[in-house]
Amino acid sequence: MSRRIYQLIFFIIQNPFISNFMTGRPYNGPTKSFCAPGLHCYSCPSMAFGCPLGTIQYVIKYAAMIPYYTLGTLSAIGAVFGSASCGYVCPFGLFQELLHSISPWKSDTAKLPQPFRYIKWGNLILLVIIVPAFGLAQGFCAWICPSGLIMAGLPIIAANEGIRASVGITFYWKLFLTTVFIIFIMREKRFFCRYICPLGLILGFFNKISLYQIKLDKNKCVTCRACQKSCPMGLKLPEEINSIDCIKCGECVPSCPSKFGALSKGFEIKKIL
Amino acid sequence: MKKIVIVSIILIISLIFLIKGWVHEIDEDGTKEIDLVNAAGKNVCMSCIGLADENIFEKLFGTSEKKDNE
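Going down the list, the sequences are from chains A and B. Using this note's numbering, the letters of the first sequence map in sequence onto residues 1 to 273. Using this note's numbering, the letters of the second sequence map in sequence onto residues 1 to 70.
Each hint should be verified, as a subset may be incorrect.
Cross-link-like lysine-lysine pairs, in silico, DSSO-like; alpha carbons within 30 Å at most [stated by the list, open to error]: (1) B/Lys20 - A/Lys236; (2) A/Lys208 - A/Lys220; (3) A/Lys218 - B/Lys3; (4) A/Lys61 - B/Lys20; (5) B/Lys3 - A/Lys61; (6) B/Lys42 - A/Lys265; (7) B/Lys42 - A/Lys61; (8) A/Lys236 - B/Lys42; (9) A/Lys220 - B/Lys2; (10) A/Lys208 - B/Lys32; (11) A/Lys229 - A/Lys208; (12) A/Lys265 - B/Lys2; (13) A/Lys218 - B/Lys2; (14) A/Lys208 - B/Lys2; (15) A/Lys215 - B/Lys2; (16) A/Lys220 - B/Lys42.
Since the hints were derived computationally from the structure, they do not count as laboratory data. These numbers come from a predicted model, not from an experiment.
Could you build all of it, start to finish, from the sequences and the hints given here?
Here it is, written out as structure tokens:
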């Protein structure tokens, strides 16, 4: 089954309550106790689950405690799949890929210099951890997250006159920033994942040790770089396979010429057992 | 083999964290972390929809009005 089919299935599983867009109110049933491993706002009317990044900030800010439950969720997912949920589950990843595919000014080679990837680290440490820890704000949600604005902010504001009347400077800042992100996403594939997303970074910590791996047979690899051309994250392949920035989408695997067959993907536990 | 041991340890710790979130009470009212997760997910989040116009500089440094009253 192709990766796009997985993405669409997970999108539907995460967003079954489409009719809630008419009322602009989020679903408030029992599945909100569980966090889906992708960047999708828990205030989105159709969303069935919680957002792990938003939940981390919420718990740190309002309870002044380590968010054990969400960290446990992300650790379990990361240990098994690494950041594969970025490639297969995340709705905002899907949105970026679809937007890029129809873009008239897309480029398959455009990318910012490597140091720009450290913006993700700054977002994680400063906006997700430090700013909420001081009780100031849910930093990333409040000031950066375009998924929240697109999937929650705009539909809720459109459906609720009272909330619409409360729109202020923060909303316009997020609208401006989201517009900038969309322009860059249309140019550079998965721009947000490459440079901005702290959730992908958290899951990426587990990439080297997760059970699900992209496997490189170094004896068969001739470093033709065919895999690099197919990578949506613009990584230097094959060296950066399973690196912290890899989303384990597996697009590199079929791109390896069949006469070499150096790449494969799967769960390593099969080999161990 | 080493990798499976590391993954197993992480999964055990994850399970402990998950159980802690469901069981451990964080205040005198019996609130558990899972209750916070639920609350976060069920309400319209002003931060997420761009309406959190909190003045963080006021929170950090206080307002001049408060200082005058002191």
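Against the structure, the hints come out as follows:
A hinted pair counts as satisfied when its Cα atoms are at most 30 Å apart, and B/Lys20 with A/Lys236 does not qualify at roughly 40 Å. Under the criterion of a C-alpha separation no larger than 30 Å, the hint pairing A/Lys208 with A/Lys220 is consistent with the structure, at around 21 Å. The straight-line distance between the Cα atoms of A/Lys218 and B/Lys3 is roughly 20 Å, inside the 30 Å bound, and the hint therefore holds. For the proposed pair A/Lys61 and B/Lys20, the alpha carbon gap of about 19 Å is at most 30 Å, so the pair holds.
Among the hinted pairs, B/Lys3 with A/Lys61 is inconsistent with the structure: their alpha-carbon atoms are about 35 Å apart, more than 30 Å. Between the alpha carbons of B/Lys42 and A/Lys265 the distance comes to roughly 37 Å, so the proposed pair goes past 30 Å and is violated. Between the alpha carbons of B/Lys42 and A/Lys61 the distance comes to roughly 17 Å, so the proposed pair stays at or under 30 Å and holds. For the hint linking A/Lys236 to B/Lys42, the alpha-carbon distance of about 41 Å lies beyond 30 Å, and the restraint is violated.
For the given pair, A/Lys220 sits about 25 Å from B/Lys2 by alpha-carbon distance, which is consistent with the 30 Å threshold. Restraint check for A/Lys208 and B/Lys32: not satisfied, since their Cα atoms lie roughly 33 Å apart, outside the 30 Å limit. Restraint check for A/Lys229 and A/Lys208: satisfied, since their Cα atoms lie roughly 22 Å apart, inside the 30 Å limit. With a C-alpha separation of about 20 Å, the suggested pairing of A/Lys265 with B/Lys2 holds against the 30 Å cut-off.
Between the alpha carbons of A/Lys218 and B/Lys2 the distance comes to roughly 21 Å, so the proposed pair stays at or under 30 Å and holds. For the hint pairing A/Lys208 with B/Lys2, the CA-to-CA distance comes to about 12 Å; that is within 30 Å, so the pair holds. Restraint check for A/Lys215 and B/Lys2: the C-alpha separation of about 17 Å stays at or below 30 Å, so the hint holds. Taking the CA atoms of A/Lys220 and B/Lys42, the gap is near 51 Å; set against the 30 Å cutoff, the hint is violated.
In this structure, the hints that do not hold are numbers 1, 5, 6, 8, 10, 16, in rising order.
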